[in-house]
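Engineer: Use the sequences and the hints to build the structure in full.
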Amino acid sequence: MVPAGLKTTARILLALGGGYWASSASFALLARVLTACGMPRVDAVTLGMMLVFILYLCLILWVFAARRVWLPFWVLCGLIAAGHMAPFFFTQGH
Amino acid sequence: MEPDFRRAMGWLHTWAGVLLGSVLFAIFWMGTLSVFDIEIDQWMKPATRLPPAAQTLALERFRPSLNEAIAARAAFWNVEPPNDRQSVASVHYRTKTGFVSHDIDPVSGRTLPDAGTLGASGFIFPFHYSLHLRIMNLGTWLVGLASMAMLVLCVSGVIIHRKIFAEFFTFRPSKKPRRLLLDLHNLSGVLGLPFHIMLTFSGLVILGATFFPASINALYPNPRGYFYEANGLSFLNVKPGQPGAPVVSLDETFARAQAVWGNGSPETVLVATPGTTTGRIAFFRDRTQQVVMDRDVVAFSSTTGELVSHPPAPRAIIRTQRFLSGLHLIHFHHWVLRWLYFMLGLGSCLLIASGFLFWQASRRTKQANTFGFRLVEGLSAGSITGIMLATLAFFISNRLLPPGAHAFGMGRAALEIGCFYLVWVGAFLHGWLRPRRVWIEQSAAISAFSALAAMLNWITTGDHPLHSLANRYLWPVAGMDMLLLVGSALAFLTARKLARKQPGKAVGKTV
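Line order of the protein sequences matches chains A and B. Following full-length UniProt numbering, the numbering of the first sequence begins with 1 at its first residue and continues without gaps. Following full-length UniProt numbering, the numbering of the second sequence begins with 1 at its first residue and continues without gaps.
Just so you know, the hints here were simulated from the structure itself, not pulled from any lab data. Using N, Cα and C, we set each Cβ at its ideal position, and we do this for glycine too. Hints should not be assumed to be uniformly reliable.
What follows is a set of in silico ranges between Cβ atoms, one per label pair, in the way DEER data are often shown [stated by the list, open to error]: (1) B/Arg500 / A/Trp74: 51 to 61 Å; (2) A/Gly78 / B/Gln258: 53 to 63 Å; (3) B/Phe5 / A/Phe73: 49 to 59 Å; (4) A/Val33 / B/Gly372: 42 to 52 Å; (5) B/Glu60 / A/Phe90: 45 to 55 Å; (6) B/Pro312 / A/Cys58: 29 to 39 Å; (7) A/Val33 / B/Thr210: 21 to 31 Å; (8) B/Ala368 / A/Trp74: 40 to 50 Å; (9) A/Trp74 / B/Arg496: 57 to 67 Å.
Computed footprint of chain A on chain B; a stretch qualifies when at least three of its residues, placed anywhere within it, have a C-beta under 8 Å from a C-beta of chain A [unchecked claim]: (10) 8-16; (11) 146-153; (12) 201-209; (13) 214-227.
Structural biologist: Listed below in structure tokens is the structure:
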């Protein structure tokens, strides 16, 4: 049995750190996808910058609300992986 | 909704609030005061309390200051002509050693003596978004964390209140202080909910490039590229030129800018890298009649005077972002709305303070002797009434320090800020040492400090409230004095009420 204090600490770290990393990575991905679809890059970045806070908020709330922490954990990992693999698929960025 | 979910949100609401309540209160308090930053500046710099000039000063009259900037190899130089919030003009430039700022008399064009203060726009407003912690941008990140916590608090607060509309109409001032605090918390929370959410969200979006640089880094080789493109400032994107080039006549260039605009006046005239071969003169069109801060900038070469750029009006997404910025920064001029922002800001402060105090009131009987409770109790007075006292000490020191004061190796402006922190730390110590009496004593101190600040303004400048009310151009000073006096009276009533009901506690809400 995992002690309650450790569980809480894990959730806080996952929500703040993991949520931040996942939001940041997914919006880097979104910006790449939108520019690839033809949106000017300044618009793509700005749109992401407004939406990213809403995603981060939802992720934080979800991590704290979920009964088991594993589902949010894997989804966050997936978002982070997707965001960081994007540069290999989109080369026209710079 | 399942009870588990609501319990999780309740837990989150409690602990996010307790952990970040102090920081949130400081941010909202300073933000509320920043609504009137220019007006507070006039109170703190008596030399700038001037009637508006009948005629606008020609831009060439600022040439001596521009020449100073060129001699100092400034990165930029700008002038803000007088507007309806500020009757003086001001010039600013940045050199390698620091930022230089002067106020200019709108009639004679001479430089006003340095007031030796950062004022509200130089201290209170930056404190609002950076907490004056500049090391590694720590303050800004802490503000970001607290803002995310505020959004979490707003959402979880709505979820845990099932009877949100019943609570809308529930206010029981005669009940126990604990009920009173909860009712105050619910009332200010529900009434101001759109304000709390919009202001927090737009504040985050304004600093979005700092908090989430990943998408910029993914698409731009240099983050500056995004900044220039999003703000219509691409004319700044030039290679550094050689020094020694002349700067063409500002007034003639302005006439050309007006021909481009058709009509309109500038709110800022910028000369980028003045005196170099690639220098630029840019005119930022006055946008104080609309919420959206879409810059309309016309830029010219500063050596030849020919048009460099006039970007088209921004597209929808950028405009949305500019609207959020405008909503937050209140760049528009509208007195009624400005007061409404101020009142709603005070409502947010009340929301945070009452939530913070409710947490203690509901735990006092059971956990009064635990370390955690003592810690929060000891911190709460310093972070609520303490920051008000510190702000008042900032105003009082501004009126008491002689011009050119210098002590402990600090100039006058730094000494004022020293007074702010000294009183703030003192208030925390006071709260730690005397947790039972602290609210009464600090409310009484707020009352005394506010009255003293208004009194000192009268003694040192001669602008007593009746005089300042009778002269339109002194209304900012009158407004500040009135708020100080009203705040003093409210704090006095609070202190008296608390002293009668000891040990019951309530909130001391003042200006």
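Engineer: Starting from the hint list further up, note which numbers the structure goes against and sort them upward.
Structural biologist: 3
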